[in-house]
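*Asks:* What follows is the residue order along each chain.
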Amino acid sequence: MNLHVKDLTVTHRGRTLVDVPELELQPRRPVTIVGESGSGKSLLAHTIMGTLPPELTARGSLLIDGQVLDIADMANRRRLWGRTLALLPQEPVLALDPTMRVGGQVAEGFPGFPARRREARSAAGTLLKALGLGASAQAYPHTLSGGMAQRAAFAAATIGQASVLIADEPSKGLDVGARDELAALLGRHVEVGGILLTITHDLELARQLGGEVLVMRDATVVEHGPAGQVLAEPSHSYTQRLIAAEPSHWTYPWMDRTAPAAEAPRLVSGRGLAKSFGGRTLFSDLSVAVRAGERLAISGPSGCGKTTLGNILLRLTAPDVGQVSHAAELGVGRLQKLYQDPALAFPPRATLGDGFRDLLRRHRLDPARLDELLPALRLQPELLGRLPGQVSGGELQRLAVIRAMLLEPALLFADEPTSRLDLITQEETICALMEQVDRQDCALVLVTHDESLAHAVAGRRLQLGQDTSTSRLAKTPA
Amino acid sequence: MTSLSAIPTATGPATAHPSPAPGRRWRTWHSTRSLGQRLALALLALLAAFALAGPLVWPDHAVQDLSRFLETPSLAEPLGRDHLGRSVIARLAHATQLSLLLALLCVATALTAGAVAGIAAAWRGGWLDVALRGLSEALIAIPALLIVLIFSALADGALWTLYLGLALAQWVEYFRLVHARSALVLAGPAVEAAGLLGLGTVHIVRRHLWPELRPLLATMAAFGIGSSVLALSTLGFVGVGLKPPTPELGLMITEAFPFYSEAPWMSLAPVLVLAATLAGLLGLRSKETP
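Chains A and B are the protein sequences, given in the same order.
Numbering-wise (this note's numbering), the first sequence opens with residue 52 and increments by one.
Numbering-wise (this note's numbering), the second sequence opens with residue 161 and increments by one.
You may find that some hints are simply not true.
[Stated by the list, open to error] Footprint (simulated), chain B over chain A, 3 or more residues, beta carbon under 8 Å: (1) 379 to 388; (2) 397 to 411.
[Claimed, not checked] Restraint ranges, calculated between C-beta atoms of paired labels, are given here: (3) B/Ala301 to A/Pro432: 47 to 57 Å; (4) B/Leu288 to A/Thr194: 34 to 44 Å; (5) A/Ser338 to B/Trp287: 49 to 59 Å; (6) B/Ile302 to A/Pro149: 35 to 45 Å; (7) B/Leu206 to A/Arg412: 39 to 49 Å; (8) A/Pro432 to B/Ala209: 41 to 51 Å; (9) A/Arg412 to B/Ala205: 51 to 61 Å; (10) A/Gln431 to B/Leu306: 56 to 66 Å; (11) A/Glu380 to B/Val290: 52 to 62 Å; (12) B/Phe383 to A/Asp422: 38 to 48 Å.
It should be emphasised that the hints constitute simulated quantities derived from the structure, not laboratory data.
For each residue, glycine too, the CB sits at the ideal point set by N, CA and C.
Required output: the full structure, derived from the provided sequences and hints.
*Replies:* In structure tokens form, the structure reads like this:
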């Protein structure tokens, strides 16, 4: 069996969002589509699945299992769901039903579910056990980690034995360990003769999956070929740019930097810090100091307490044990923070311009500084007239950088500032951030789960969560 | 008493446009609202005009002329005369003015007190939060009308006791809503960022809290005015509200009931004013208000 897409287009009010003349999916040959956000790759997956919003118009045909389906009619794929076509959704934590136990909701996908309830239950149990979630069958989704939730969603998507699995940004929000596990799971689906289509902006996942890679940009496929070839020796300029945007390939002047002298004054010193949540110890007896002009990266798997440690160092959260002292120069406004989701860091119903005006007025700053920073960070002044929700994530994070840097802080704490952004936007955002940090000689504490980003940005590294009870302090020179 | 027409402007731009220029505000409201909302607004404008201009056109609501007992409607007296020979339209105009004014005053007082207390409790926390929440829960345990009754019993139906009782019964709702919403907003990263940026209280109230609260408060205020008008007339109807000869909608209905078969318009007119007020206020609310 194979799946063949012909002349697929998706349009919205005359604007073409996806235009793929041909796409062939075969068993044992995974296909991965990579590209930046807005390139239409997720829309392609939803068109095949038949879950496109009604405002969008799709055209084309789909040959599946020997029968031809009209893509324009979204309803004709519905009867294939679960049995032939399955979707592994983005952000599994949101896709799972929070009111149902994991085992129960996985069992619902079993063929002939309500009638064969008992068989479905035992099939769900077996599947979850095979995925290492045997103990969590009776747990509610909110108690699972991101990686466990992804495995539970995988179980729910595959219990119906669908041969075609479409994974839409499956590694979003997962740390390296969980992503490797996910790649192995998807690989297993391919090994047993399944068809796999993965949509991702994570090039590392694409490398691990192998098979064929399609690079999408502005609604079309600009390059395709075997994963090894496309991702190692890209021929299209866009693919080259995409690969160069991986932190491990960066070369920027701000990266070339010697560690500050040991006698640089301490801005923040935390001694004997410990914190636990609900009986789980995140870290204990941890001492951290941040010196002026230093760049420290806190990394580790998700849920290890990186953000909590950062907030403790900023004195936004109190530690269970230990003390944090701030140097005198960290007065009002000299300590700034960038948030993982910039949309939550701005008041949602006030225009960005109003927020900036308040800031300039409050600190009697020269408005010319803002006018000068906007073009320096490649932002249009018109953006200030909009609400935070009307600006893209990358632009908003750069605006957050401006907002923080206007006050010339002595220390900036960046909490996963780019984990929700695609590679090219991440590069743009980090460059904007680091150019300002470099110019103002401000200390930086970066929290990230991306080791290569931590390596590219920071001069000193702090790794948390190496094992569950204590944390190991790793100091590596840049 | 121009504030009636100000209610829709408060409801209007809150959801779509956070701070358009005042001149544009009206046009924005007008272009984004449904036909039903425009009709409701027109109805309220009509009522406001009646309440404002009516008492000027028909000033003598207390003049009795027993010889004109239950006179039928005519051009000069559109609603005829009542059992004491008083002009019904004059009494209705004065009653409408009184009801709407008192309701507006009650809602304004309750809203201001509730919002200030709610924000203060959510912001300061600690003993202030505990004390205010305790007080609000104690008040919620008592039926609102009972509070008003107790107050009006204190001073035998004087106007100020009704006002105080109604406001006291209503501020709790505003307090609880504002408290719950503000606590959520104040705990969020946007306010944390504002704190790190050294932006003060004014910024947080103006840019973070007020835009979130405004649509909710506007909707609640519209309902609150309706329920105040109703509560006032209910008290008048059962004879514990304002005392005769003050023209009051509920009182007018009670007084007119015995003559229903001879002069049905006398009791229907105040009922119609009440119904129109409520329909207008309910029709104003916008669907997209969270």
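*Asks:* Please list, smallest to largest, the hint numbers that this structure does not respect.
*Replies:* Hints 5, 9 and 11 not satisfied by this model.
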